[in-house]
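2 protein chains.
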Amino acid sequence: MYHSIKWLGNAVSMLDQRLLPSKEIYHEYKHFNDVAEAIETMVIRGAPAIGIAAAMGIALAAKTSNAKNISELKEELHAAAGRFATTRPTAVNLFWAIDRMKKTIAASNTFDELREQLEKEAIAIHQEDIDANKAMGNHGARYLADGDTVMTHCNAGALATGGYGTALGVIRAAVEHGKKIKVFACETRPYLQGARLTAWELMKDGIEVTLITDNMAGHFMKSGMIQKIIVGADRIAANGDTANKIGTYSHAVLAKAHSIPFYVAAPVSTLDPNTPDGSAIPIEERSVDEVAYLQGVQIAPEGIFIRNPAFDVTPVKYISAIITEKGVIENPAQYGIKGFLGK
Amino acid sequence: MYHSIKWLGNAVSMLDQRLLPSKEIYHEYKHFNDVAEAIETMVIRGAPAIGIAAAMGIALAAKTSNAKNISELKEELHAAAGRFATTRPTAVNLFWAIDRMKKTIAASNTFDELREQLEKEAIAIHQEDIDANKAMGNHGARYLADGDTVMTHCNAGALATGGYGTALGVIRAAVEHGKKIKVFACETRPYLQGARLTAWELMKDGIEVTLITDNMAGHFMKSGMIQKIIVGADRIAANGDTANKIGTYSHAVLAKAHSIPFYVAAPVSTLDPNTPDGSAIPIEERSVDEVAYLQGVQIAPEGIFIRNPAFDVTPVKYISAIITEKGVIENPAQYGIKGFLGK
Chain A
15 MYHSIKWLGN
25 AVSMLDQRLL
35 PSKEIYHEYK
45 HFNDVAEAIE
55 TMVIRGAPAI
65 GIAAAMGIAL
75 AAKTSNAKNI
85 SELKEELHAA
95 AGRFATTRPT
105 AVNLFWAIDR
115 MKKTIAASNT
125 FDELREQLEK
135 EAIAIHQEDI
145 DANKAMGNHG
155 ARYLADGDTV
165 MTHCNAGALA
175 TGGYGTALGV
185 IRAAVEHGKK
195 IKVFACETRP
205 YLQGARLTAW
215 ELMKDGIEVT
225 LITDNMAGHF
235 MKSGMIQKII
245 VGADRIAANG
255 DTANKIGTYS
265 HAVLAKAHSI
275 PFYVAAPVST
285 LDPNTPDGSA
295 IPIEERSVDE
305 VAYLQGVQIA
315 PEGIFIRNPA
325 FDVTPVKYIS
335 AIITEKGVIE
345 NPAQYGIKGF
355 LGK
Chain B
15 MYHSIKWLGN
25 AVSMLDQRLL
35 PSKEIYHEYK
45 HFNDVAEAIE
55 TMVIRGAPAI
65 GIAAAMGIAL
75 AAKTSNAKNI
85 SELKEELHAA
95 AGRFATTRPT
105 AVNLFWAIDR
115 MKKTIAASNT
125 FDELREQLEK
135 EAIAIHQEDI
145 DANKAMGNHG
155 ARYLADGDTV
165 MTHCNAGALA
175 TGGYGTALGV
185 IRAAVEHGKK
195 IKVFACETRP
205 YLQGARLTAW
215 ELMKDGIEVT
225 LITDNMAGHF
235 MKSGMIQKII
245 VGADRIAANG
255 DTANKIGTYS
265 HAVLAKAHSI
275 PFYVAAPVST
285 LDPNTPDGSA
295 IPIEERSVDE
305 VAYLQGVQIA
315 PEGIFIRNPA
325 FDVTPVKYIS
335 AIITEKGVIE
345 NPAQYGIKGF
355 LGK
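These protein sequence lines map, in sequence, to chains A and B. Letter by letter, the first sequence follows residues 15 to 357 in the numbering used here. Letter by letter, the second sequence follows residues 15 to 357 in the numbering used here.
Careful: at least some of the hints might be erroneous.
Copies of the same chain look alike in the list, so a pair counts if it works inside one copy or between any two.
Simulated crosslink set (EDC-like; lysine to aspartate or glutamate; CA at most 16 Å straight-line) [what the hints assert, rightly or not]: (1) Lys88 to Glu298; (2) Lys352 to Asp113; (3) Lys196 to Glu142; (4) Lys194 to Asp30; (5) Lys37 to Glu316; (6) Lys236 to Glu54; (7) Lys88 to Asp48; (8) Lys20 to Glu38; (9) Lys218 to Glu316; (10) Lys193 to Asp303; (11) Lys194 to Glu42.
Think of the hints as simulated: they come from the structure by calculation, not from any bench.
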């Protein structure tokens with residue numbers, strides 16, 4: 015069985031998702047800065063997974079430190095936390111995980127305590143994420159009917175999380191409940207997470223998956239082949255507006271035009287009550303080379319202007335329900351997330 | 015200056031569009047069957063251009079024939095016409111051009127007459143297409159305002175036609191009229207005609223072009239960066255429903271949701287009064303390898319199911335106007351194309 019990320023006690027193991035599906039290669043990182051670079055360069059990606067990676071990276075920083083006293087160690091750990099906060103701006107799970115680790119730093123007073131408690135907290139964040147995915151799957155499975163073909167975008171699967179997945183977790187749970195579900199995976203340009211990762215994951219599970227290019231989504235919705243759409247999320251604002259992989263917004267508008275339910279599955283750590291709405295979510299713009307080159311092959315003229323926003327924002331009015339591990343927000347456009355969070 | 019296609023008297027010269035933008039290589043075809051294969055394998059593509067190619071191919075068949083008498087020659091020419099009719103099913107210009115060549119065959123009675131008249135007709139089809147593009151540009155330019163950013167999909171430019179272009183012809187004409195126009199080109203998976211061809215053409219013309227992936231279209235419409243959308247067409251049914259490159263339909267639905275005018279530019283030879291509506295247009299499904307491999311690099315797991323429809327149909331209700339060389343159909347949803355054609 016593969017893993018997106020694994021804590022090894024004195025190192026972090028990660029499957030290099032840039033090389034899938036052709037190569038399944040794991041890296042072991044022994045220094046926190048290598049973990050941060052792995053997040054930046056997308057060895058690992060997916061909002062929940064990068065939160066876990068940052069937590070493990072901070073635990074690693076405590077293990078490998080040569081600090082001479084506790085205040086020097088705490089200073090180093092805060093610097094490490096700051097390093098992780100600069101890796102990627104959009105997914106709020108990253109900042110949520112860093113905050114948990116910072117609280118653990120504040121609550122610990124000796125070298126041994128810091129090392130032990132940070133390791134424990136990172137392992138807990140990982141395990142809680144897997145448990146949350148499975149709970150989310152159970153809450154969400156009832157929205158998928160036996161015989162449905164479900165479209166998804168990007169990869170919100172085991173590879174994007176600690177394991178099992180958010181959007182793909184809901185699909186997995188429906189299949190485990192005995193429903194026959196087929197999946198349409200949009201390839202997800204420019205980084206092809208759908209073609210390379212979602213297709214790979216679902217084939218391993220024996221769930222029937224058909225790959226399409228992103229621009230075919232409307233055509234297949236119109237032909238009546240898609241009954242439901244389910245995606246993950248990188249940040250859900252207080253009013254329910256949802257940042258997710260670029261292309262999600264287009265799918266949501268098309269879903270509305272075809273009266274197809276559009277679900278978002280994400281752990282509570284993706285809910286961000288401090289961001290009022292989608293306009294306040296920072297959208298990462300990545301290197302133009304991700305668009306101009308494909309696995310080293312140039313596909314656009316030299317020197318052309320390119321835009322490469324990695325995410326877009328889907329206004330809450332397009333979202334039928336938000337599925338979390340704590341239950342489902344059925345009418346997000348009406349209530350946002352604050353009532354659900356008890357805030 | 016480059017050319018998509020050129021008649022050389024005893025051969026047809028084509029720019030190999032599969033190799034752009036990295037290589038600009040021309041092939042000379044001396045046998046009609048090689049021209050047919052060039053259409054099938056997408057050395058040349060674009061509805062008007064493949065019509066011209068088929069016409070030149072049939073003229074070539076007359077030139078190279080070893081037929082012993084006129085009825086044998088006519089039989090060979092009808093076989094050649096039949097061969098071209100099997101190359102690609104969706105673009106109606108192909109069948110329109112073949113029909114013109116068949117009428118010329120019927121009207122000619124000697125070897126010399128057949129060779130001369132078919133050559134003349136093929137050259138006329140080519141020249142008329144360039145003239146039509148320029149007339150279309152002049153009719154369409156008034157729909158683009160100074161300062162507009164215009165989004166386009168696939169390549170409906172000089173490379174898709176005899177020269178100048180349909181959708182890009184309208185943009186070129188607006189620029190020639192002194193308007194400042196910027197273009198957003200969608201890359202157009204799987205074959206990347208936007209990234210490889212539209213970007214290349216417009217850069218050569220000095221028209222500012224920004225490349226985006228197809229799934230970014232909705233995001234940039236929402237951010238207010240796109241004022242108009244203009245695309246070409248492969249077949250326009252009697253009621254105005256329009257087949258064009260896969261992804262066009264999604265853009266049209268998104269344009270409506272953002273109140274962005276959506277224009278189709280195509281010569282009258284693309285209008286097909288014999289096809290009542292979009293549901294009767296045959297949609298070509300191409301090889302799954304176009305999705306799974308990119309310039310020889312595998313980007314999806316081995317053995318995965320893939321769908322690859324090359325076109326989709328945009329219902330006429332999404333189309334603001336159809337721009338042709340004979341004038342503009344302003345209210346296609348109300349009147350279809352039959353009134354315009356005087357039928």
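### Query
How would you classify Lys37 and Glu316 at a CA-CA limit of 16 Å: within, between, both, or neither?
So Lys37 and Glu316 pass the 16 Å test across copies only (12 Å; inside, 29 Å).
### Query
Within a copy, between copies, both or neither: where do Lys88 and Glu298 come within 16 Å Cα-Cα?
Neither: 30 Å inside a chain and 63 Å across chains, both beyond 16 Å.
### Message
When Cα atoms must be at most 16 Å apart, do Lys196 and Glu142 count as within-copy, between-copy, both, or neither?
### Response
neither (28 Å within a copy, 49 Å between copies)
#### Entry: Intra/inter-copy verdict for Lys236 and Glu54 if alpha-carbon distance must be at most 16 Å
Answer is neither; intra-copy 37 Å and inter-copy 27 Å both fail.
### Query
Can you tell me if Lys20 and Glu38 fall within 16 Å by alpha carbon in one copy, between copies, both or neither?
within (15 Å within a copy, 49 Å between copies)
### Query
When no copy is named, should Lys194 and Glu42 be tagged within, between, both, or neither for a Cα gap of at most 16 Å?
Neither way: Lys194 and Glu42 sit 38 Å apart in one copy and 53 Å across, limit 16 Å.
### Message
Treating 16 Å as the Cα threshold, decide for Lys352 and Asp113: within, between, both or neither.
### Response
neither (20 Å within a copy, 66 Å between copies)
### Task
Evaluate Lys218 and Glu316 at a C-alpha cut-off of 16 Å and name the case that applies: within, between, both or neither.
This pair counts as between: shortest inter-copy Cα distance 12 Å, intra-copy 38 Å.
### Message
Within a copy, between copies, both or neither: which one fits Lys194 and Asp30 at a CA-CA cutoff of 16 Å?
### Response
Neither way: Lys194 and Asp30 sit 31 Å apart in one copy and 45 Å across, limit 16 Å.
### Query
With identical chains treated as interchangeable, where does the CA-CA distance between Lys193 and Asp303 reach 16 Å or less: within a copy, between copies, both, or neither?
neither (41 Å within a copy, 31 Å between copies)
### Message
Treating 16 Å as the Cα threshold, decide for Lys88 and Asp48: within, between, both or neither.
### Response
neither (20 Å within a copy, 73 Å between copies)
Checked against the numbered hints given earlier, the structure breaks hints 1, 2, 3, 4, 6, 7, 10 and 11 and satisfies all the rest.
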